[in-house]
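The listed protein sequences derive, respectively, from chains U and Z. Taken in order, the first sequence gives residues 1 to 294; the numbers are from this note's numbering. Taken in order, the second sequence gives residues 1 to 294; the numbers are from this note's numbering.
Just so you know, these hints were derived from the structure itself, not from any lab. Check before you lean on any hint, since a few could be wrong.
As the list makes no split between identical chains, a pair holds if one copy fits it or if it spans any two.
[Unchecked claim] Derived pair list, reagent style EDC-like, types lysine to aspartate or glutamate, alpha-carbon separation capped at 20 Å:
# : residue 1 : residue 2
1 : K156      : E204
2 : K239      : D229
3 : K22       : D42
4 : K22       : E125
5 : K89       : E145
2 protein chains.
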Amino acid sequence: MAHTGFIGLGIMGTPMALHLQKAGHYLYTNRFINQPAKALTDGGLKVLDNPKAVAEAADIIFLMLPDTPDVEAVLFGEGGLVEGLSPGKLVVDMSSIAPIETRQFAEKVRAAGCDYLDAPVSGGEVGARNATLTIMVGGNEASFERVRPMFELMGKNVTLVGDVGDGQVTKVANQIIVGLTIEAVSEALVFASKAGADPGRVREALMGGFASSKILEVHGERMINRTFDPGFRISLHQKDLNLALQGARQLGVALPNTAATQSLFSACAANGDSDLDHSALVTALERMANHPVA
Amino acid sequence: MAHTGFIGLGIMGTPMALHLQKAGHYLYTNRFINQPAKALTDGGLKVLDNPKAVAEAADIIFLMLPDTPDVEAVLFGEGGLVEGLSPGKLVVDMSSIAPIETRQFAEKVRAAGCDYLDAPVSGGEVGARNATLTIMVGGNEASFERVRPMFELMGKNVTLVGDVGDGQVTKVANQIIVGLTIEAVSEALVFASKAGADPGRVREALMGGFASSKILEVHGERMINRTFDPGFRISLHQKDLNLALQGARQLGVALPNTAATQSLFSACAANGDSDLDHSALVTALERMANHPVA
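Chain U on its own, in the form it takes in the complex (with noise of 0.2 Å):
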């Protein structure tokens, strides 16, 4: 079993952690403001100083970090992993992060002699604890097939898309598909239930149509049960369409459908609905039109 490394040992990381120390890796981390988990501890987890000692520590380096600047920072800040790197050692970000600045973070962790993967995931709080993340991943063939006994552990269905920033730009296309089709189902809805219609009814007969999709089997029942405690989150999914929208300003493409459901989800947030789940977009929808779809 490797020596590993998990850095970001939070809502997602830490049951993440627990399924590759359950299979006997043992596992270290760096010192954060909160302790990890009694469970990982427990498990002989080894807490160092800072992300170089980890790097000096481990083979295989895991981040499961919030946002680009959280794992620019682990990787290039003082104390970061970078200088703790020796060649021959891997690191895998599995944050969902901008898909430009992976790739300008690889070529420095390359230039060390070591090489990179960026495996974002999807599949929430839920998946990470049952082990059925979908796991995005871009690299190299080799690396990838090193690692995957590993992502094995802790998802069901991983793909190597193809290179580093990939794993990312698929996890950003993943979440553009997934709130505009939340939005879309949200318009249908609020528009079927103002017209007079049960959407509950409606739902039903779209459902073997071309208008079926997991999120209108998912979501919409969400949407007509009133049921918008987390899943996943309305902030984190403004964080990814965040990524969607300055990627898409960065590259030179429009993205009218993602900016508008920016914006929807901006006005949950206004109406202090972040922590709702995503299925909660159509409220904005429901208090433009004064009226509740149920």
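Using the hints, position chain Z against chain U.
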């Protein structure tokens, strides 16, 4: 077998009427500019002078017409259907038209002692030929049960959604979701491709997760393989989103992404692409990004 009227024997109506005729129904229609298909006249279709004569000859009269004004003219114009109706007859409008006007039409038909069902379909020419249409019905239960055996000759997913008009509402909701999901997949694939990823591999990676939909499966593949032969034409989807936006204005409902998606369809039309499949919406975003997906 019932004496059955069928007004609107075009691309959709002809195969639908043939299914009824083959099951033994005696069909009547009115004189149009175009001759009805030879298969229908060979099968015994009677061509009468006007909709009034069809209403006099038949017990159940189906309409399958292009848009709201066509249905209005057939029902209430000179020599129109209502002039020939007598109590106990049933009008079944399978056209895709405005929900609010549908309720007004139904009220006038009921004043003549007849019942009215709205029963728009999805599934296109292929669904009409193969009798696999999805049929979304609004109206009362007794009339629905009276026509159900005939619906089942034309489609396989037949649902009574609610009162009169609710079939049209459901069809509009369907077209909102389908159009906006095509737009969502388009934004995701243009972004991914311009960011350097392989759009085919991105699509595959997303197929198992929360981004999965019938649209990602079928239309995502069309976008990547550039198979834009219809299918369902952009010009028809524009008509349907117009019903959504007109209805939304009458009802007081904001449909921001439906409005933006309609604009992208208009950009396709400006490029001469009205007769392409609606998945060709992606080309409008590609031109804005100066980058084809594939």
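Hints, one by one, checked against the model:
no., hint, in the structure
1, K156 to E204, "between (29 Å within a copy, 15 Å between copies)"
2, K239 to D229, "within (19 Å within a copy, 38 Å between copies)"
3, K22 to D42, "within (11 Å within a copy, 75 Å between copies)"
4, K22 to E125, "within (18 Å within a copy, 56 Å between copies)"
5, K89 to E145, "within (14 Å within a copy, 70 Å between copies)"
Figure legend: structure checked against the earlier numbered hints; every hint is met.
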